[in-house]
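Residue numbers (the numbering used here), protein chains in the order written: chain Y, 6 to 344; chain R, 504 to 799; chain G, 717 to 952.
These aren't lab readings, by the way, just hints derived from the structure by calculation. Treat the hints loosely; a few may be bogus.
[Stated by the list, open to error] Simulated crosslink set (DMTMM-like; lysine to aspartate or glutamate; CA at most 20 Å straight-line):
#1 Lys-850(G) to Glu-834(G)
#2 Lys-670(R) to Glu-834(G)
#3 Lys-763(G) to Glu-930(G)
#4 Lys-669(R) to Glu-812(G)
[Stated by the list, open to error] Label pairs and their in silico Cβ distance ranges:
#5 Ile-569(R) to Gly-286(Y): 42 to 52 Å
#6 Gln-831(G) to Thr-671(R): 45 to 55 Å
#7 Gln-911(G) to Gly-215(Y): 30 to 40 Å
#8 Ala-918(G) to Phe-659(R): 33 to 43 Å
#9 Glu-296(Y) to Ile-569(R): 27 to 37 Å
#10 Leu-111(Y) to Glu-729(R): 29 to 39 Å
#11 Gln-787(G) to Glu-326(Y): 54 to 64 Å
#12 Lys-725(G) to Gly-588(R): 31 to 41 Å
#13 Asn-754(G) to Leu-778(R): 25 to 35 Å
#14 Arg-168(Y) to Glu-729(R): 31 to 41 Å
#15 Leu-199(Y) to Asn-754(G): 45 to 55 Å
#16 Gly-903(G) to Gly-662(R): 50 to 60 Å
#17 Arg-144(Y) to Gly-662(R): 19 to 29 Å
#18 Thr-671(R) to Gln-787(G): 54 to 64 Å
[To be verified] Rough simulated footprint, nothing fancy, chain Y against chain R, three-plus residues with beta-carbon under 8 Å:
#19 514-527
#20 554-561
#21 602-608
#22 726-740
#23 775-789
Beta carbons are placed, not taken as given, at the ideal position from N, Cα and C, and that holds for glycine.
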Amino acid sequence: MTSLFKNFRFPDRRALVICALLAGLAAIPSLVGGRYIPAVFTSILLFFILGALFDFMLGYLRIVNFGIAGFLCAGAYGSALSVQYFHITPWTGLLVGGLASAVIGLITGVLTLRLRGIYIGLTTLFVMETLRFAISNAREVTRGASGLTVGGFTPLFGMPFPRSEPITYYYIILALVIVTYAVLYAIVRSRIGLVFKAIRDDELGTSVLGIHVVRYKLFNFVVASFFVGVFGAFYAHYIGILVPTAEEFGIQRTVEILTIAYVGGRGTLWGSLLGALFLVGMQEVLRDLQEWRLVIYGLSLILIITVFPSGFAGALRQLGERFSSRAGKGAHISTKGDA
Amino acid sequence: MFTADVLIQLTIDGVSRGAMYGLMGAGLALIFGILGIINMAHGELFMLGAYAMYFAAMVLGVPAPIALLISTALMFCVGVAMERGLIAPLRARLGSRWLVDGYVLTIGIMVVLQNLALIVFGPREFGIAAFWPGRQEFGDVVISNERVLILAGALFTTGALALFLKKTNLGRAIRATAEHPAAAQVLGINIERIYAITFGIGAALAGAIGSLLLSTYPAYPTVGGEVLLKAFVVVIIGGLGSVWGAMLAGPLLGLIEAYATAFAPGGWQNTITSLLVLAVLVLRPQGLFSRQVTRP
Amino acid sequence: MLLQVRELKVGYASGADVLRGVDLSVGASSVTGLIGANGAGKSTLLKTICGFLRRRGGAIAFDAADIGKLQPSQLAAHGIAYLMEGHSVFPGLTVEENLILGTWAFRKERARAKQAVERAFELSSVLRAKRKVKAGLLSGGQQRILEMERLTLNDPRLVILDEPSLGLSPKLVHEVFERIAQMKADGAGVLVVDQSARHVCAASDHLYVLRLGEICIEGPAASFSDRIDELVRNFI
Numbered sequence: 006m007t008s009l010f011k012n013f014r015f016p017d018r019r020a021l022v023i024c025a026l027l028a029g030l031a032a033i034p035s036l037v038g039g040r041y042i043p044a045v046f047t048s049i050l051l052f053f054i055l056g057a058l059f060d061f062m063l064g065y066l067r068i069v070n071f072g073i074a075g076f077l078c079a080g081a082y083g084s085a086l087s088v089q090y091f092h093i094t095p096w097t098g099l100l101v102g103g104l105a106s107a108v109i110g111l112i113t114g115v116l117t118l119r120l121r122g123i124y125i126g127l128t129t130l131f132v133m134e135t136l137r138f139a140i141s142n143a144r145e146v147t148r149g150a151s152g153l154t155v156g157g158f159t160p161l162f163g164m165p166f167p168r169s170e171p172i173t174y175y176y177i178i179l180a181l182v183i184v185t186y187a188v189l190y191a192i193v194r195s196r197i198g199l200v201f202k203a204i205r206d207d208e209l210g211t212s213v214l215g216i217h218v219v220r221y222k223l224f225n226f227v228v229a230s231f232f233v234g235v236f237g238a239f240y241a242h243y244i245g246i247l248v249p250t251a252e253e254f255g256i257q258r259t260v261e262i263l264t265i266a267y268v269g270g271r272g273t274l275w276g277s278l279l280g281a282l283f284l285v286g287m288q289e290v291l292r293d294l295q296e297w298r299l300v301i302y303g304l305s306l307i308l309i310i311t312v313f314p315s316g317f318a319g320a321l322r323q324l325g326e327r328f329s330s331r332a333g334k335g336a337h338i339s340t341k342g343d344a
Numbered sequence: 504m505f506t507a508d509v510l511i512q513l514t515i516d517g518v519s520r521g522a523m524y525g526l527m528g529a530g531l532a533l534i535f536g537i538l539g540i541i542n543m544a545h546g547e548l549f550m551l552g553a554y555a556m557y558f559a560a561m562v563l564g565v566p567a568p569i570a571l572l573i574s575t576a577l578m579f580c581v582g583v584a585m586e587r588g589l590i591a592p593l594r595a596r597l598g599s600r601w602l603v604d605g606y607v608l609t610i611g612i613m614v615v616l617q618n619l620a621l622i623v624f625g626p627r628e629f630g631i632a633a634f635w636p637g638r639q640e641f642g643d644v645v646i647s648n649e650r651v652l653i654l655a656g657a658l659f660t661t662g663a664l665a666l667f668l669k670k671t672n673l674g675r676a677i678r679a680t681a682e683h684p685a686a687a688q689v690l691g692i693n694i695e696r697i698y699a700i701t702f703g704i705g706a707a708l709a710g711a712i713g714s715l716l717l718s719t720y721p722a723y724p725t726v727g728g729e730v731l732l733k734a735f736v737v738v739i740i741g742g743l744g745s746v747w748g749a750m751l752a753g754p755l756l757g758l759i760e761a762y763a764t765a766f767a768p769g770g771w772q773n774t775i776t777s778l779l780v781l782a783v784l785v786l787r788p789q790g791l792f793s794r795q796v797t798r799p
Numbered sequence: 717m718l719l720q721v722r723e724l725k726v727g728y729a730s731g732a733d734v735l736r737g738v739d740l741s742v743g744a745s746s747v748t749g750l751i752g753a754n755g756a757g758k759s760t761l762l763k764t765i766c767g768f769l770r771r772r773g774g775a776i777a778f779d780a781a782d783i784g785k786l787q788p789s790q791l792a793a794h795g796i797a798y799l800m801e802g803h804s805v806f807p808g809l810t811v812e813e814n815l816i817l818g819t820w821a822f823r824k825e826r827a828r829a830k831q832a833v834e835r836a837f838e839l840s841s842v843l844r845a846k847r848k849v850k851a852g853l854l855s856g857g858q859q860r861i862l863e864m865e866r867l868t869l870n871d872p873r874l875v876i877l878d879e880p881s882l883g884l885s886p887k888l889v890h891e892v893f894e895r896i897a898q899m900k901a902d903g904a905g906v907l908v909v910d911q912s913a914r915h916v917c918a919a920s921d922h923l924y925v926l927r928l929g930e931i932c933i934e935g936p937a938a939s940f941s942d943r944i945d946e947l948v949r950n951f952i
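Make the full structure from the sequences, and use the hints.
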């Protein structure tokens, strides 16, 4: 048994776990069927990937994107408006949404990533608010607060995507999540990811080595913005109506995403899945206590930061380490450095 | 199209509202100067102050000036408790790397306070018609008594804060701690106490303003969000951590808003202000008024 | 002895001690010099005495009382003044405000505090001329003068100086060491670390040489005055 496991390097074992998880995620909603479970799982996946994207910036480069909901907004309206006015398909819209968000990310990044961290947080926050205010005011184009209705995904290769069957949308987002996660995972596992960690741990030291810190930050930020935009576009066609409120595309949405990343465990990417399962699950269980939902978000955030900073992912890892050190005493080599 | 008296009216409106923004910003800047974090829960302190004022004045029937004092003192305590109970332990644990977590922590506090308020008080607005009904007329310029009161309150508080920081030992110690905490310690200043007191002062300012503005901004759970955004605008224009900058930027923002509301088509003034803020962040991140004093 | 350090061990990372058992004492009305190469642990020693670092072993006694658990903010109340490495003026505060803060430990005795500040202005014409100027706008030398004056406002019994002459012009270096002699004449014990070994040796009564975390040589400063160059060559 132990000799079998010894040949697996830790990340590989984790890759296996991830594959199993994804298979489960694909299977459960289709096996259960109905409309409710697929909708809940869609929400879980959406929040998972947004949390992971937030973590991609925060956990790897300490970039705090307080305006992440604004990038979601850019993607959503970018796609919805181009479908409405330029008659592209929602599928192209995904790309358009991603690009719209990436362009805003590029401009914001170029202007602020050379400054101290707090300026990035504040600038992204105001980018988000500017966008939201502009959309509320440009009523002729966006219909402002009365809401922009958006059509669903059009049939692809003869396969229809009716909104009345949420499972079809669940498959779309599952595919998108797998692709996005694979890209993020590949980046953080590559040499670039190594540089990210070096910058996170010692920015000055890294820049002294001749590494162009701002360029790496910009790359990270634009990649994250692009994917956030893609999921914004997905969200637009999934939800069917866009309203520029703070709950949808303002501070409150940012707080939800940020909480998921923190609760899940920063610097892990996959931790957000646990965060999303926990928080979305909690929300579904406590449906009757709607108003307590955000209190729970806030309390989880406070608790995680003050009591358990490494989040669920950290808890799992500690558990795993305790288990493996008990099982393989003597021959055990700590895998902590790998993580 | 706009006569002189309308302009005067707009100016007075702008300055009185702006002075309040300035004070909110000054509290935020004080806290930022000392702790290095943006207190995202600052708007909720404003909200709690407003509720406290409402309950003291309307439910308990305490005379308004005393209600104001009660709410301010209460918010001072809330601020100190927040710093001691949540922020100080985090700082002690993480040392110099606590900043990001520090402001995310204040986000958590913001969310909890906001939604607890929603649960406890419900979404309804608790407001006061006016502390001092009636109006003053100066020729063609008509000012409601409420405006006069707010302007006087804002000017008084601004003056008191400036005097406190400039002329008292505690005020000087706060400024010194913001600039060089280790040197302040060596002189005998207990900087942990300064952190708590500064947070308390910031909270007390927010509470006092929430109380004073109860007739214009009634207390409701999400009132803090809007106010926080104004305070952000003010500290960014004035320069992060600059209390004087915030005090100046407040009236400036008030004037811009007042004129923009009058001259720009409806609703766009918010977009204009946030674009302005982005411009400042990008072109002059140190703020409009800061002359940086550098070390040789 | 005013200050006694016994067997002091300090380390930043576990296993690698920066100070490996240092013994040192400072008497009242005397100047004790401490010299050593960069990285020998001089600043670490001073920071530990002043409560910015925690020791791993040994004892620090001031006036025969243990001060190993002292917080930096309690220094002033004990009558210990510390000039830390680098700049320590408050750049955005005026010269006068900087001095007033030097009286923080006895701020409740208003008359005494006020008098102390006025005396500092009487003694230093440079500071008098810049009274209302922000300290950050002073030259490096003027800032050092301000720091030295602020240090002595509450008549400390022990003055600890970390590199007081660093970056100063020769004339100012001379002034700084004169000021140190003045502190001694006023009855204070002075512990001074400085890179200019000759000046330290000339100003000190007793001299310690720190090398790789240990005191390698000590003795009355006078006994080193003729072989200070040799000392510098060998140990610094």
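Enumerated hints in conflict with the structure, sorted upward: 6, 8, 11, 13, 15, 16, 17, 18, 19 and 20
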